[in-house]
Structures are given as C-alpha cells and as structure tokens.
Amino acid sequence: MDNKKKNQWKAWLYLAPTVVLLLIFTVWPMINTLRMSVLEGYDSLKEIGGASFSFGFDNFKQIVEFYRFKDCMLTTILLTFITVPVSTLLALVIAVALNSIKFVKKTLQTIFFLPYVTNTIAIGMVFMAMFNRIPVGDTYSYGIINNIIQAFGGEPVNWINGGSSYWANIAVVSVYIIWNALPFKILVLLGGLQGVNKQYYDAAKVDGTSRFRTFWRITVPLLSPMIAYVVITGFIGGFKEYSSVLGIFGPSMGPGNHEMDTMVGLIYESVSEQQGQASAAALILFVIIFAVTMINMYVSKKKVHY
Amino acid sequence: MKKRFGAILLAGVMACGMTATVALATGCNKVVIPEFEMPEGGYDGREVEITFANTTGQNLANVVDPAVARFNKLYPNIHVTIDNTQKNWDDFAKNISTKITSNKHPDLAFCYPDHVALYNQSKAVLALDDFLPDGAYATMEVAHADGTKEPLGLTLTAEDNSDFFAEFYKEGKIYGDGKTYTLPFAKSTEVLFYNKTFFEANDLTVPATWDDFETVSARILEIDPKCNAALGYDSEANMFITMCEQLESPYTSAEGEHFLFDNQTNRDFVQKIKGWYDKRYIRTKETNDGKYSSNFFKEQQMYMSIGSTGGSSYQSPTGTDDDAGFKVGVAPIPQWNLEKPKTILQGPSVCVFKKDPYKVLASWLLVKFLTTEVQFQAQYSTASGYAPVTQSTYSSPAYQKFLSTAGDTASGLTAQTAQICKEMADKPGSFYVSDAFMGSSKARESVGILLKVVLQGTSMDKAFSDALQECKRAAG
Amino acid sequence: MTENINDVNEKVTPEEKEEKPRLMKENDVDTVSKKQTAMKVLVQIALYAFLVIMALIVLFPFYWMIMSSFKTIDEYDALVPTLWPQNFRWDAYKVAFEKVDFGKIFLNTCYVGIVSTILSLVITVLAAYAFARFNFKGKNALFAAMLATMMIPGELFTITNYITTVGWFGWDNTFIILIVPFLVSVFYIYLLRQNFMQIPNELYLAAKVDGTSDLKYLWKVMIPLSAPTLISITILKMMGSWNSYIWPSLVNSDKAYWLMTVALRTADFGEGAYVDYPAQMAAVVLVTIPLFLVFLFFRKYIIRGVSRSGIKG
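Residue numbers (my numbering), protein chains in the order written: chain A, 566 to 871; chain B, 19 to 494; chain C, 23 to 335.
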C-alpha cells in the first residue's frame with residue numbers, strides 16, 4: 566500500500582536536481598521574458614537608467630505590425646515543413662541501410678558520425694565554397710554545385726548571391742539544415758535500431774516478407790519512440806532555426822535585405838534594440854511551437870509503440 | 019531511516035531552489051549607477067584596480083603593456099587589467115551593455131559613438147567636461163609617486179596635452195546634449211588607392227571629384243573592358259553617408275526627427291551610383307558577392323580601391339614585398355565640392371564609466387596618459403596604421419621618422435596614407451562624424467543595405483521605405 | 023501491439039548474436055529463385071552506392087577543414103577556390119601554435135567538458151528514469167512543462183541568466199559558471215526517456231519481484247542497455263564545451279578560465295579582409311584531434327550496441 570506513495574517521493578527525489586536547475590536557469594528567465602513583454606518599450610539598460618515602463622500589449626502589436634514579421638513567419642514555417650520530414654526520412658533510410666550491410670560497415674558508420682567533430686566554422690565555409698559564385702573580371706567563377714550543373718549542360722544558378730530568387734535560397738538553406746541535422750538523427754535512430762530485437766527480422770525473413778514491407782511494418786513501428794523523438798524535437802528546432810541562415814548569409818540574413826530571415830532571427834536582432842518586442846515575439850513563437858508539439862504528441866501517442 | 023533522509027534532502031533542495039527564484043524575482047535589476055562626486059583632495063595615491071576593455075590584438079598589446087608600465091611609474095597603486103576578449107566591434111558593444119546590467123562592466127573602454135549612445139541608455143558613461151579645459155577639475159593637481167605633480171584635467175595652456183587635432187576631438191561631443199563623453203584614441207579615414215603603374219602607363223589623372231571619376235572610369239573600361247570594375251568601394255554604408263555629407267544633404271540628427279535620409283538629393287545620388295554600377299564603374303563589397311575590393315585591386319581586376327587607412331598594407335599587391343607587380347598611389351577620396359571636402363572619420367575613442375570615484379579618477383588618469391603620451395601614441399600609430407590624435411605626437415622625431423619611409427612601394431604605403439590623413443586633419447571641417455543616438459547604428463546599417471539592394475535591382479521606393487521602417491523600430 | 027512485442031521479447035535466448043540473421047539468410051538462398059538473388063545483389067549495390075554518396079556529402083566539410091589548413095593565405099583567398107592545396111604547407115600550424123596557448127586552454131576545456139558531462143549524465147539519467155519508470159502525480163504535466171522550456175529561444179535568457187549568475191551568485195571568472203547553468207538538458211532527458219521506455223517493463227517487474235532496488239536496476243540493466251544513447255549524449259556534451267563561445271566570453275574575461283573557442287576566436291588571426299584562415303583552420307584541426315580520438319574510442323560502443331544476451335542471465 567505504501568509502495569505507490571513511496572514511488573511518489575522517490576520520483577520527485579530523482580527529479581529534484583533537474584527541477585531546481587530548471588527553475589533557476591530556465592523558468593525564471595521565462596518569467597522575466599513574460600514581464601519584459603508586457604512592459605511597453607522595455608529595455609534593461611533604460612531600466613537601470615531609471616526609466617519606467619507602462620503595462621500593456623503594445624510590444625505585441627508593434628512586432629506583429631513590423632513589415633518583416635509575416636515574411637519571417639512564412640520562411641520559418643516553410644523551412645520547418647521541408648527539412649523535418651526530409652531529414653528524418655533520409656536519416657532513417659541511412660540508419661537502416663547501415664544496419665543491413667556487412668562489408669565496410671564499420672568504416673561507413675564511422676564516416677557518418679564524423680561530422681560530429683567538425684567545427685561549425687568549417688561547415689559554414691564549405692557551404693559558401695559549394696554554392697557561392699565569385700566575380701572574376703567581368704564574369705563569374707562558380708562553386709562545385711554549379712560546376713556539376715554545367716557539366717550536365719545546364720545553366721549555372723544564382724543560389725545565394727545578390728539577386729538570387731527566394732526559392733533558390735530556400736533550397737540552399739534546407740540542404741544546409743538537413744546536412745547539419747543528419748548525423749545526430751542517424752546516431753539516435755541507429756542507437757534505437759541496436760535496441761530492436763533481431764528476432765522480428767528473422768520472423769519476417771522466414772515469412773518471406775519483402776524488404777520494403779519489413780521496413781514499414783517492422784522497423785518503423787519498432788523504432789517509433791526514436792522517430793517520434795526525432796520528429797518532435799525536429800519541429801521544435803525547426804521553428805527555432807536561425808544559425809543556418811546566419812551561417813550562409815551573414816547578418817544581412819539574405820542575399821539583400823533579410824529575405825531569408827526567420828522568427829528567431831527577428832527575435833535575436835530585436836534583443837539589442839527592442840527587448841520588449843523581442844520578448845513578445847518569443848512568446849508568440851512559443852505558443853505556435855507549443856501547439857505544433859501538442860499535435861505531434863497527440864499523433865505520436867496513437868502511433869508510437871513502446 | 020533512509021527514507022526520511024531522502025525526503026528531507028528533497029524538501030531542502032526544493033526549498034532552496036524556490037527561495038533563490040523568489041529572491042531573484044523580487045530583487046532583479048537593482049543596479050544603481052552612481053553619479054561621480056570628486057572625493058576630498060582628489061586622487062590620493064591609494065590602491066585602485068581598474069579594467070580597460072579594448073580590441074587590441076597581440077601585436078598591439080606589445081605597445082599597450084609597456085605604456086601601462088610607464089603609467090604605473092607615475093601611479094604605482096593603480097592596477098590596470100586589460101580585457102581584450104572581444105575583437106568584433108558589435109560583440110564588444112553587446113558584451114559591455116550586458117555587463118552593465120550587473121554592474122560588471124569595465125571602468126574604461128574603447129568605443130565608437132554608436133556604442134556610447136547605447137551604453138548611455140543606462141546613463142552609465144561619464145561626461146568628461148569637468149576634466150577638460152576650463153572644467154571644474156581641470157587645474158586641480160594630482161601627485162605622482164615621485165612627488166612631482168600634474169594637473170588632473172586637460173589644460174589649455176600646457177604645451178603637450180591640449181593639442182588634440184580639433185577634427186578628432188570634436189567627435190566626443192555629438193550626442194545632442196552638448197556634453198563630451200569621449201576622447202579620441204587612434205583615428206583612421208578613407209583614402210583612394212590607385213594602381214599607379216597603370217595610371218602612368220595610360221596617362222590617366224587621379225580623380226579629385228566624382229565627375230573626374232566618371233571620366234577616368236570610362237577610360238579604364240575602354241582600356242580593359244574585361245576588368246571587374248574601375249573602382250571598388252568596400253563599405254556601402256560609408257559611401258552613402260559620405261555622399262550625404264559631401265552634398266550637404268541631411269542623413270540623421272541626434273535631436274528632433276532622427277532619420278532624415280529619405281530626400282530627393284539622396285535618391286538622386288543613389289540613382290547616379292546605380293548608373294555607375296550598371297556601367298561597371300563601381301562595385302561594393304556586397305555587390306561583389308562579399309569579396310573585399312583589395313582582392314580585386316591586388317589582382318589588377320580593379321584599378322582604384324577606396325578603403326580604410328588602417329588597412330592600407332592589405333592594398334599592396336604582395337604584402338611587404340617591395341618588388342610587387344605594380345606601384346600603389348594614394349589620394350584623398352573624390353569629392354562633390356572641392357571647396358568643402360568631406361571624408362569619414364573612424365577609429366576608436368575611449369570613454370570612462372561612472373563607478374566608485376577613485377576608479378573614475380584612476381581611469382581618467384589612464385585615458386589622459388594614453389591619449390597624450392607622445393611615445394605611446396607614436397608607437398601605437400606606427401604599429402596599427404591608425405593616425406595619432408595629437409599634434410605633438412605628429413611632430414615627434416619618432417613619428418616623423420616613420421613618415422619619412424612614405425613611398426609607393428608596399429612598405430611605404432602605411433606612412434603615405436598617414437601623411438594624407440594628417441593633411442586632411444590640418445584642414446578644419448574636412449572630416450565628418452555622424453550624430454550618435456539610440457538607433458544611429460541601425461541607420462548606418464540600413465542605408466548600407468539600401469544602397470546594396472538598389473544596385474542589385476530593388477526599386478528606390480521600396481529600398482528607402484524598408485530602411486526607414488528598420489530605423490524607426492530601432493529608435494523605439 | 024505492445025503486448026505482442028513483449029511476448030516475443032520473452033523468448034530472447036542468450037545465444038542471440040548479431041550475425042545470426044545473415045547466416046539464416048544465406049541458408050535460405052537455396053530456396054529462393056535466381057531472379058530474387060539478382061534482385062538482392064542489385065539492392066545491395068544500390069544500398070552501397072547510396073551510402074557512399076551520402077558519406078561523401080557528409081564528409082566534405084571535414085575534408086575542407088583539413089585541406090584549408092594546408093593552404094597559403096593567398097591560395098585560401100584566391101578568387102577561385104581550390105579543392106586540393108597547390109603545395110602542402112605546415113606554416114599554418116606553426117602560426118596556430120604561436121598564437122594559441124594550447125596547453126592551458128586544453129586542460130581548461132577538458133576539465134569543464136568532463137565535469138559537466140559527468141554531472142549532466144547523472145542528472146539526465148535520474149530524471150529520465152523517473153519519467154520512464156515511475157508513476158507519480160503531475161508526471162505528464164511536468165513532462166509537458168519541461169518540453170515547453172525547449173520552445174523559447176535561449177538567447178533571450180542570456181541577460182537574465184547573466185544577472186542571476188554574475189550579479190547574484192558572483193560566479194564570474196569561475197569554472198562553475200560554465201558548468202552549472204547548462205547541466206540540465208530537456209533534450210537529452212527526453213531522448214533517454216524514449217530509450218528507457220523501449221526497454222520492456224517485464225524486466226523491471228521481474229527485478230522488483232527479485233527484490234532488486236530501483237537504483238541497482240537502473241545501474242545494472244537500464245544504463246547498459248542505453249549505452250549507445252548515453253555515449254551520444256557524452257559526445258554532444260563534450261562538443262558543447264569545445265564549441266561554446268558567447269556565454270564563456272561574456273562571463274569569464276580572465277584568461278585563466280578560457281575555453282577552446284574563446285581562445286581561438288580571440289587569438290590574433292587578423293580581422294575583416296585579412297583573417298589568416300589557414301591558421302585558424304589549423305587551430306580548429308588541432309583542437310578537433312582530441313575529440314576525434316575520444317570519438318573513435320567510443321565509436322565501437324555506439325556501433326556495437328549492446329547484445330541483449332547478458333540481460334536475462
């Protein structure tokens with residue numbers, strides 16, 4: 566009879582360090598964010614200088630009416646809905662493929678984990694070199710991607726430089742995000758696959774089930790907790806996307822004037838000039854991510870098998 | 019037993035966490051910036067520790083450290099810590115503004131006018147007026163360790179410490195309230211580098227005006243139609259603001275309506291630059307896909323390049339090799355009106371933060387020492403390529419010796435640009451500094467983007483309207 | 023479905039080995055038609071082609087990082103980038119060694135990396151265990167709340183956390199400030215919880231019947247079974263210490279407490295148009311080597327996974 570009660574406090578004991586640290590370093594800053602968002606025109610330096618701020622929702626109004634707000638929102642949503650499914654599926658296929666080969670298996674697995682220890686500075690530079698074009702005299706020298714296109718007889722595309730199209734930019738940023746996300750997802754899914762019992766596959770083999778069917782009917786359901794994790798955190802991360810755009814375009818966040826800017830880009834930019842508006846934007850984003858995560862959780866509850 | 023212990027531990031940890039959170043919530047942001055009041059008797063030689071935040075790298079540390087040692091001979095009890103963690107100017111300013119929220123900011127720091135406007139949201143920067151000529155404390159005396167004395171402030175009469183170039187000195191006073199917040203530390207400007215060998219071979223004249231520039235560029239493109247452009251002007255923002263200044267057209271103002279740059283004169287010159295761009299007369303860094311003009315200049319794909327005097331050594335074809343492929347000439351940048359030439363003034367100044375009064379006094383003494391000591395200023399300028407800020411440094415034998423190396427070869431380039439900088443400093447009104455206020459750095463960034471996107475094909479109306487909206491938000 | 027899986031799991035025999043299915047497959051070949059064999063070969067070829075292409079793509083930044091460190095500044099800056107250095111030079115490494123005090127910085131980074139990884143692992147394991155195995159009031163609410171904390175961009179917290187740690191706790195210029203604020207990662211707790219939940223409940227109930235304590239069960243069963251995930255977390259956490267920049271440079275101006283990236287970015291490799299990128303890349307390569315070795319050491323554990331044989335015995 567005590568067992569349940571005992572479990573109660575035991576669980577909280579296990580959780581104590583986590584909860585305390587979260588309260589101090591995460592919950593309190595969140596409360597402060599809320600406070601800043603409802604003080605009109607809030608700025609911490611001005612506050613020290615003795616300014617006072619009136620309570621109100623002006624920050625929310627200002628940021629929503631800002632001329633780039635809608636574009637930032639749209640780009641964020643677009644990037645998230647492109648990159649999460651693609652990277653998850655790609656990682657899943659790579660993980661399963663890695664798990665089902667014999668020859669040079671270890672070498673290939675090692676290679677896929679290597680990007681883990683590649684410094685982020687290096688990755689940004691590589692991308693520039695691949696998609697960039699560089700003026701040489703009155704013409705251009707193109708990066709590897711365009712060289713490949715030209716080798717197949719195509720016209721070089723202006724991917725990221727001045728005057729490039731929105732969709733070319735979206736394509737490059739998506740590739741960059743997927744590339745960055747792959748190693749971790751592969752690692753998580755491969756880790757999950759190690760935990761999957763081989764017996765199911767043996768059973769499938771005996772039944773003569775096709776590879777494709779085995780993949781969808783056995784691998785995916787068995788991996789579903791890890792897939793759910795990768796998808797849910799992928800969506801959260803996707804809505805917080807920022808550094809990849811910065812990595813490719815620098816502070817202008819686009820080939821000209823913030824064409825590829827995301828919500829978090831807008832928030833970070835605002836932190837230094839309009840803390841109140843930055844906090845308001847963060848709360849708006851929070852509500853959106855929360856709603857999407859709830860939908861994700863609801864779906865995964867129905868589909869995930871533990 | 020075990021169970022009780024666990025429960026108590028849990029309760030204890032939770033309670034601590036909650037208390038800490040509540041304590042923080044109620045006590046947050048109680049930082050008070052003290053107003054400076056002169057202590058009885060001024061600085062009395064007591065022990066003081068101060069931190070000096072700057073962006074000097076290892077090379078310049080070799081100049082700064084001995085200077086601090088010389089300062090310590092006069093004031094052995096002032097202990098100076100140099101903080102040069104941040105090198106990027108934006109990070110540098112962000113870092114300090116965050117530190118102000120916990121009163122952990124340095125006692126004195128390198129600064130650009132925009133930074134001072136940012137810090138002063140919290141009223142943390144000390145107005146230096148009382149220490150300047152005719153100020154309340156200017157003639158107060160302070161004793162060195164060896165018993166000799168010096169005036170605490172800057173005095174008009176002293177032969178060596180009132181001789182800031184007026185052009186540099188006035189930068190401290192552009193905040194709209196009539197007060198002086200900074201002293202110049204080391205200065206730079208923009209000059210025109212040109213391919214002297216090419217110009218001489220083709221009998222071209224170095225452009226003094228933008229009209230000359232059009233003529234010369236047309237000739238250059240006839241001679242080398244395959245070149246990248248006639249002129250590379252790295253900074254779009256500098257170009258826009260310099261054009262405003264040269265045409266005496268409004269840009270920004272610290273008082274009243276801040277953002278005045280959307281006017282017909284400015285739209286006209288942007289249109290004109292667009293014309294030059296289309297004819298390949300000019301490229302900027304961003305419209306050349308982010309590559310610095312010096313790269314093209316060195317490879318003779320451009321024949322003129324406008325850049326900072328601080329980076330002149332990078333404009334020479336093979337670094338320090340004097341047998342480079344071509345010779346480099348230096349000239350002032352082209353003007354619209356030769357009667358009233360205007361060129362941008364850049365380079366760090368120093369500001370002092372309001373702190374404990376003895377820290378303020380110690381910081382001020384260090385500022386005064388570093389900006390006026392001839393030996394330091396001469397060494398710093400020689401090592402960095404920046405111009406010294408006082409007349410006496412300029413005429414000192416050490417600096418004159420450096421200037422005598424001026425020439426059109428790689429090693430003589432820095433001295434050559436320094437000389438041009440001095441010639442401009444001697445002409446009152448030849449430098450300009452834009453007003454600083456909350457939002458001035460955004461204005462600078464926005465007009466740079468404006469020029470870039472117009473060159474890349476965006477409509478004039480959209481570019482100007484976007485830039486204005488960005489600025490208005492930043493000014494809050 | 024859940025029931026089903028557990029049923030099958032009960033039948034796991036100690037002799038299960040990774041290679042077993044392969045053997046079975048080869049035995050089965052006799053019964054399969056020639057056509058299917060050809061099909062299988064084709065599938066294998068396609069698999070390898072796919073993996074190799076993806077591997078090359080994934081590997082490219084790593085390759086670029088190393089190659090750049092051997093170029094001259096001029097070649098690096100060249101208007102047309104080269105894939106292979108025209109002539110290999112070690113100069114960049116000499117410069118890197120001159121500019122960065124690797125010894126001290128390396129020790130600092132290792133110290134912070136190791137301490138924060140260990141503490142973080144303990145905290146993460148305990149929390150994930152509580153969420154995966156205990157039923158307590160408010161469990162779902164707490165978990166949802168914790169997930170919610172992931173949803174606000176962290177940069178907004180910088181100023182508040184700075185006031186907390188520096189203004190209130192006075193932790194500036196210490197190692198504590200680099201470790202404590204980042205010990206909890208909901209991201210990892212969630213990952214590990216998912217992993218723990220994959221482990222069948224029957225094992226836990228059986229252990230309970232045997233009178234095994236929770237902690238012992240956690241230590242003897244859960245942790246070994248989740249080794250790949252724990253190692254992933256370890257590597258990520260170590261990388262975190264190696265790559266963190268904004269916070270360390272804000273809170274610790276004293277060189278005695280600097281970490282890798284702060285030292286690298288502060289080192290005088292030039293600025294603006296004139297950065298000595300090869301030297302910077304060389305420094306990056308140098309600091310990557312120890313990480314790479316750690317990674318190679320752990321790799322076999324990730325890849326080998328855990329054979330389930332030991333569990334039931």
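Quick caveat, the hints were computed from the structure, so don't treat them as lab data.
The reader is advised that the hints may include incorrect statements.
[To be verified] Quick list of in silico lysine-lysine cross-link-like pairs, DSS-like style, CA-CA up to 30 Å: (1) A:Lys626 - B:Lys214; (2) A:Lys867 - C:Lys159; (3) C:Lys230 - A:Lys866; (4) A:Lys667 - C:Lys161; (5) B:Lys358 - B:Lys244; (6) B:Lys214 - B:Lys167; (7) B:Lys480 - B:Lys167; (8) A:Lys571 - C:Lys126; (9) C:Lys277 - B:Lys105; (10) C:Lys159 - B:Lys112; (11) A:Lys575 - C:Lys277; (12) A:Lys867 - C:Lys277; (13) C:Lys56 - A:Lys575; (14) C:Lys277 - A:Lys571; (15) A:Lys626 - B:Lys105; (16) C:Lys238 - A:Lys575; (17) B:Lys490 - B:Lys214; (18) B:Lys91 - C:Lys230; (19) B:Lys191 - B:Lys480; (20) A:Lys671 - C:Lys242; (21) B:Lys419 - A:Lys611; (22) B:Lys372 - C:Lys56; (23) A:Lys611 - B:Lys490; (24) A:Lys670 - C:Lys159; (25) B:Lys377 - A:Lys611; (26) A:Lys571 - C:Lys56; (27) B:Lys141 - B:Lys419; (28) A:Lys626 - B:Lys358; (29) B:Lys112 - A:Lys611.
Against the structure, the hints come out as follows:
no., hint, result
1, A:Lys626 - B:Lys214, "violated, 57 Å"
2, A:Lys867 - C:Lys159, "holds, 23 Å"
3, C:Lys230 - A:Lys866, "holds, 27 Å"
4, A:Lys667 - C:Lys161, "violated, 43 Å"
5, B:Lys358 - B:Lys244, "violated, 35 Å"
6, B:Lys214 - B:Lys167, "violated, 52 Å"
7, B:Lys480 - B:Lys167, "violated, 61 Å"
8, A:Lys571 - C:Lys126, "violated, 48 Å"
9, C:Lys277 - B:Lys105, "holds, 15 Å"
10, C:Lys159 - B:Lys112, "violated, 44 Å"
11, A:Lys575 - C:Lys277, "violated, 43 Å"
12, A:Lys867 - C:Lys277, "violated, 53 Å"
13, C:Lys56 - A:Lys575, "violated, 60 Å"
14, C:Lys277 - A:Lys571, "violated, 49 Å"
15, A:Lys626 - B:Lys105, "violated, 37 Å"
16, C:Lys238 - A:Lys575, "holds, 14 Å"
17, B:Lys490 - B:Lys214, "violated, 45 Å"
18, B:Lys91 - C:Lys230, "violated, 75 Å"
19, B:Lys191 - B:Lys480, "violated, 34 Å"
20, A:Lys671 - C:Lys242, "holds, 28 Å"
21, B:Lys419 - A:Lys611, "violated, 49 Å"
22, B:Lys372 - C:Lys56, "violated, 87 Å"
23, A:Lys611 - B:Lys490, "holds, 18 Å"
24, A:Lys670 - C:Lys159, "violated, 46 Å"
25, B:Lys377 - A:Lys611, "holds, 23 Å"
26, A:Lys571 - C:Lys56, "violated, 63 Å"
27, B:Lys141 - B:Lys419, "violated, 43 Å"
28, A:Lys626 - B:Lys358, "violated, 46 Å"
29, B:Lys112 - A:Lys611, "holds, 15 Å"
When held up to the earlier numbered hints, the structure conflicts with 1, 4, 5, 6, 7, 8, 10, 11, 12, 13, 14, 15, 17, 18, 19, 21, 22, 24, 26, 27 and 28 and fits the remainder.
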